[in-house]
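K.L.:
Given only the sequences and the hints, what does the whole structure look like? Please build it.
Protein chains in written order, with my numbering: chain A, 1 to 610; chain B, 1 to 343.
It should be emphasised that the hints constitute simulated quantities derived from the structure, not laboratory data. None of the values given here were measured: they were computed from a predicted structure. Keep in mind that a hint or two might mislead.
Have a look at the derived ranges for each label pair, beta carbon to beta carbon [said to hold, decoys possible]: (1) A:S370 / B:T220: 34 to 42 Å; (2) A:Y164 / B:F341: 51 to 59 Å; (3) B:E238 / A:P418: 34 to 42 Å.
Glycine included, every Cβ here is placed at the ideal spot set by N, Cα and C.
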Amino acid sequence: MTAKKLLLFSILLWCQLVCAQQNSVALDVVIISDVQLARFSSTQSVQILNDSVIENNHPSLSSLLRYNSVMVFKENGFGMVSSPAFRGTSAQQTAVIWNGININSQFNGQTDFNAISTGEFNSIAIRGGGGSVIYGSSAIGGTVHLNNEIQFKRQFNNEIRTNYGSFNTVGVHYNVAAGSEKFMTRISFSKNSSDNDFEYVDSNRKNENGAFDNRSLTANFGYQFNASHAIKVYSYFFSGNRQFSLLTPTDTRSKYHDLNMRNLFEYTAIFNRFTSKIKLAFLSENYHHFEDSSADFSSFGKAETAIAKYDLAFALTKDILLNSVIEFSQTTGIGSDVGNVTREIGSASFLMSHIVGKRLQYEVGFRKESATDYNSPFLFSGGIVTAISEKYKLKWNASRNFRIPTYNDLYWTEGGNPDLKPESSYQTEIGNEFTFKNLQFSLTSYIIRIEDMIQWLPGVASSWLPRNVNNVRTYGGEILINWKKSFGQNAVTINGNYAYTVSEDLATGKQLIYIPFHKATASLGYAYKKFSANYQVLFNGEVFTRSDNAPRYNLDSYTVSNVGLAYQIGKSDTLKAGVQLLNIFNEKYEVMVRRPFPGRHFNAYLTFKF
Amino acid sequence: MLLASISAIFLFASCDNDDDNDAPLGTYDNGILVLNEGGLGTVSFISADLATVEQDVFALVNGNEQDIGAYVQSMFFDGDRAFIISNGSNKITVVNRYTFEYLATITAGFQVPRYGVVFNGKAYVTNSNSFSNPTDDFIAVINLSTLAVEAPITINNQAEKIIEENGKLYVSGGFYGEGNLISVINPANKSIVTTINVGESPNSLEEENGILYVLCGSYTSASKMVRVRLSDNLILSEVTFPQTMGNAANLDIENNKIYFSVGAKVYKTDLNVTTVSDSPLFTVPSNEAYTGYGFAVNNNRIFISDPASDFSSDGSIFIYNTSGTFIDEIPVGLGPNGFYFND
Chain A
1 MTAKKLLLFS ILLWCQLVCA QQNSVALDVV IISDVQLARF SSTQSVQILN
51 DSVIENNHPS LSSLLRYNSV MVFKENGFGM VSSPAFRGTS AQQTAVIWNG
101 ININSQFNGQ TDFNAISTGE FNSIAIRGGG GSVIYGSSAI GGTVHLNNEI
151 QFKRQFNNEI RTNYGSFNTV GVHYNVAAGS EKFMTRISFS KNSSDNDFEY
201 VDSNRKNENG AFDNRSLTAN FGYQFNASHA IKVYSYFFSG NRQFSLLTPT
251 DTRSKYHDLN MRNLFEYTAI FNRFTSKIKL AFLSENYHHF EDSSADFSSF
301 GKAETAIAKY DLAFALTKDI LLNSVIEFSQ TTGIGSDVGN VTREIGSASF
351 LMSHIVGKRL QYEVGFRKES ATDYNSPFLF SGGIVTAISE KYKLKWNASR
401 NFRIPTYNDL YWTEGGNPDL KPESSYQTEI GNEFTFKNLQ FSLTSYIIRI
451 EDMIQWLPGV ASSWLPRNVN NVRTYGGEIL INWKKSFGQN AVTINGNYAY
501 TVSEDLATGK QLIYIPFHKA TASLGYAYKK FSANYQVLFN GEVFTRSDNA
551 PRYNLDSYTV SNVGLAYQIG KSDTLKAGVQ LLNIFNEKYE VMVRRPFPGR
601 HFNAYLTFKF
Chain B
1 MLLASISAIF LFASCDNDDD NDAPLGTYDN GILVLNEGGL GTVSFISADL
51 ATVEQDVFAL VNGNEQDIGA YVQSMFFDGD RAFIISNGSN KITVVNRYTF
101 EYLATITAGF QVPRYGVVFN GKAYVTNSNS FSNPTDDFIA VINLSTLAVE
151 APITINNQAE KIIEENGKLY VSGGFYGEGN LISVINPANK SIVTTINVGE
201 SPNSLEEENG ILYVLCGSYT SASKMVRVRL SDNLILSEVT FPQTMGNAAN
251 LDIENNKIYF SVGAKVYKTD LNVTTVSDSP LFTVPSNEAY TGYGFAVNNN
301 RIFISDPASD FSSDGSIFIY NTSGTFIDEI PVGLGPNGFY FND
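P.N.:
The following block contains the structure:
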């Protein structure tokens, strides 16, 4: 993507109000399925990572977001299970949205961010704050959006990318996009594997039993009958084979296999001022956990979800947009440790966006759910954005969101509690956005109050039992900076994030474990003719590892730097070779107790486009 | 006169021996070792006069590269060696019990090891094996001079606590409300002599004067104590506790008195009672859910542990005397589950 295109992207994104447009080209409602992300997020903070950022980072979603956003991740060792903490909330309070569909696991209510390879998506967006009105359960701290684009234009593009790095890390990625004005197809495939047997810094030990081999396949297809009717089909398959790295060398060697499939069929009809979309989705998750990889026995879980959604948008006037969404989903789950249960959820949402004059826009939304196994609260979201000047926008948003009890919470054979209520949150945020010629800068502060948080505690008749016991309050601030400048043939970009997070258990007044008070990332990119270089750095502050915050158990803060160089061979954009040196200062660090990450290591890649 | 000088020599010699016996055998002699389950397990040391407390003595002595494993379950002794069992890492770490210097690790032949006992140069360690199968438990046999693991003894039932008496091993097969057997094992020929059905989940056992006392806890009905005559393995009598008491555990016998706990309440009774009333000797002032996770009576003092309910921060221990008077509360590590004594 050239610098000029990037600039255009950013201008149009920030230009919403001034241009009085409902669409934002960077998140073009015509080419992505998650329309509400573009149309109903004006009062919240949205950060978009495009394909060039995705390319410069490790293919796992966990690494990409750790180095490029305010999100914090608890990772049980490099490549192992990774769960997010967004704005000091728990892993189940961040929802991952795939082309508009919430794909958090039915079993544990979260997504493993190392089970998503980023190469399959055209863009990845991070939307801070509440989103349950649009996306349902788990959208409390924020949502992460994985988007595929379907554009009807003449094209035939192929891309092959291979990489090889330390610890026998091998990656292969291929995608092809072909289309005309009437149809489009994009197919892509990724394989990422590694022995992952890195040596611990300053130690005789090395990472054992940490190998992984993840494969994913995406197939998207679109057909446009005419300007008013189109169908789109999205499919995504992920197969992950991971060994769980050992805490101590004599631990039992275990491994984990998961197979996830997502399918979405969408039919769009536009007539008069109505846009009508029928969406049918089928999701399936399937895992096997081998506690002892030498034995055949495994615990397993399988959940299949069928979703039917009807999304009707009506442009009442050119400034008022109304959107109602009715959704019905049925999930059947079965597992070695959960009862065989079917869960049905129906929901209705209503959203409205109104641009008033040239400087003000407000959004309002409501959602109510009806479910077979829990009582859903009435959810709402409302916000205002106002352009104080051409360069400064002020945003305010307040919402009520929730997180439903999961299959494991309700139906685990030893201790599942069918009387659980959903967790619910009240939250509000204020955002300040500044747009200058080369600089975008935003400062957002928020406060979230979460009630009835579900925690598994020692029981009486069974060893552990989940209950709605906790109340948590999180508050803090986020700063996002983007700066770009071109001097002749030189192009420089600087991106930075900083987050300050206080997340406390209201009963004890203690900071939740593994939530740092401070986190910052920065990346510096430089391009000159065919040559480009990139430097990124991550700072993660000291964290508590005990619920009573006993300081002797704190994990030290750490700073990790990565450097990359790339060169375009031959004609522009055809062949590119690059090398990355990661953790260049050989920082010794642990993301979780006794789970060291690799020291200095490298990665080399070759990209071929035709 | 020769006799006088000879006896004088012996006198002096015995004086020297007495001096040697009084000198501590290491930093951690004359005190209490508290085993903290973890996460990664640790051991806390408290001097007998309660004046000195040291946390994580294994790491203090041996550094951070080594560890005693995840979820340490229990410890047993042979001479001056301590054997620390980690059920999460399937290993036993061998250290000097007085200096806590690392000696060796035994890693082969375990599958969720739980408790061990020493007899005739060998150690016998119960293993839960797989959680889905309650009858595949076994006893790992370790040669204590070579530390080599020999062929295991299959139990065909649950195996948790283990004691030795008169050349026989008595294994209780009870785990969180399940199981109902005591297995009697002849270690000489690795055979199961017999099994004794005690009716409900046996969680602790002690021998005193030829009688085996077994405590059977229950979450749903009344707990009870069963007396078994060891000469012929016959059940002599049972004492059913009041239903209101709850799940009784941690049977310990000292100075002809029986002690046991129900959560934070500690009870004391005589050896030959026929009924027990629900009037505790004392109740530990704690709101945590797992008070009594570890319990022991030693040298006229009662030790009871109080882990944090979420197992996510350090716990503490309470010490009382055998009349029920509070002595001290001392902070220890994560999930304290057992007390062991160097005296």
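K.L.:
For this structure, which hints from the list above don't hold up?
P.N.:
Hint check: nothing fails, all pass.
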